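*Asks:* Given only the sequences and the hints, what does the whole structure look like? Please build it.
Listed below are the residues making up each chain.
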Amino acid sequence: MALYGTAETSTLISNDKKKQKAEKNKNEQIFAPPTSGWKVFDGAAPAPKVRETLSSKRTSSMASMAAAAAASLRTPRAGESNNNGNNDDVLQPLQTRPKSIHLKISTAQNEKKTNNTINTITDVPDNELFVPLLFKLMCRAVFELGGHEQEGIFRKAGLKSHAELIRSEIAKGDYTILLNVSTVDALRHHKRGRS
Amino acid sequence: MNDTSWNQNGTNQHDRNLSTSSTLSSTSTSSTAHHRNRRHPKVHLRDADVAADVLKQWLRAMPEPLISFDLYACAIEAGNTKSLGKTMEVLKSLDTERCQTIMYLLNFLCNIAKTESITKMGSQQLAIVIMPNIIKSPNLNENPALAIMNANPEKEFVMMLIEHFDEIEKKVGR
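Residue numbers (our numbering), protein chains in the order written: chain L, 1 to 195; chain U, 1001 to 1174.
Simulated from the structure, these hints should not be mistaken for laboratory data. Being a predicted model, the structure only gives us computed values, none of them experimental. Any given hint could be a false lead.
Stated by the list, open to error - Only part of the chain U face toward chain L is listed, based on derived beta-carbon distances under 10 angstroms:
| # | residue |
| --- | --- |
| 1 | Val1043 |
| 2 | Ala1052 |
| 3 | Val1054 |
| 4 | Gln1057 |
| 5 | Leu1059 |
| 6 | Leu1109 |
| 7 | Met1121 |
Glycine residues also receive a C-beta, built at the ideal position from the N, C-alpha and C atoms.
*Replies:* Have a look at this one:
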């Protein structure tokens, strides 16, 4: 039996600390944005309830398709002229390609309990294909919670415990907390704060 | 579901634990709140300051900031000379991911800056608070004094980005 302060207990304590540190580091890694290229972040994050992985894969593949299409438009094959009728037929679908891509993101909230599915329709324009969804959701949350009508937004710090709680939720890969932001809740919160 | 786990106020132990730790969870005692809590026992984001804090934390956690290390010197030069042309050159030199993300952020900050009379956060104030999260010296640990010296050009650079966003958007594109 080990007594407090003996070598045996100290190793146990240090092991616990190591475990906690490793867990913290793991959370930090998940929360941290990518090192190079946003795809790294998609790979490192756990399977999110919001099917972001699916959508980002889709958007990135669409982006690569668009890039390939643009490249083929710029560099016609040797021996082929642009006036060729067949060539025009081939390029027809590329020319009529829509400027924005329509994405459907389905979010399962409390799957075990309610089995409710929230379907969010999001338009992703070409110029936002590489913007991380998490980043967009955070910006949207600031705006929807009335950040643009609140004195000292970004200057005043929020409660640290709250921010940590939100951060840990996001680190789990669950973005529903950002999707469920509602103006009504924000108004209630402000009223409570005033009273 | 076991009703005995709910107290007279309509909150269970889980809710009480959350309500004592933070106001993020529902603390309402009405019956409607009771039902809402049963459906959504999770925490809720209700404070814009907290959301803004998390956003800043996310940007700060990037191993390489949105303005990449290789373009730091160019950004400082653009800030020092207050040259919009050089600022645009920096943005054009960024990779697609970073460029699109920073343009999205700038658009968002521009919208915030429009209500300066209410928020008291103009482009200068926003530049001061956002600057450390999107632009960092690559030699911050080795030479912190240099980073302090560059604080003003960094601020000028970010301020130009916010103030001239419309022009930048037209020329650089998003």
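*Asks:* Evaluate each hint against the coordinates.
*Replies:* Against the structure, the hints:
no.: 1; hint: Val1043; in the structure: holds, 5 angstroms
no.: 2; hint: Ala1052; in the structure: holds, 5 angstroms
no.: 3; hint: Val1054; in the structure: holds, 5 angstroms
no.: 4; hint: Gln1057; in the structure: holds, 6 angstroms
no.: 5; hint: Leu1059; in the structure: holds, 8 angstroms
no.: 6; hint: Leu1109; in the structure: holds, 9 angstroms
no.: 7; hint: Met1121; in the structure: holds, 6 angstroms
Going through the hint list in order, the structure satisfies each hint without exception.
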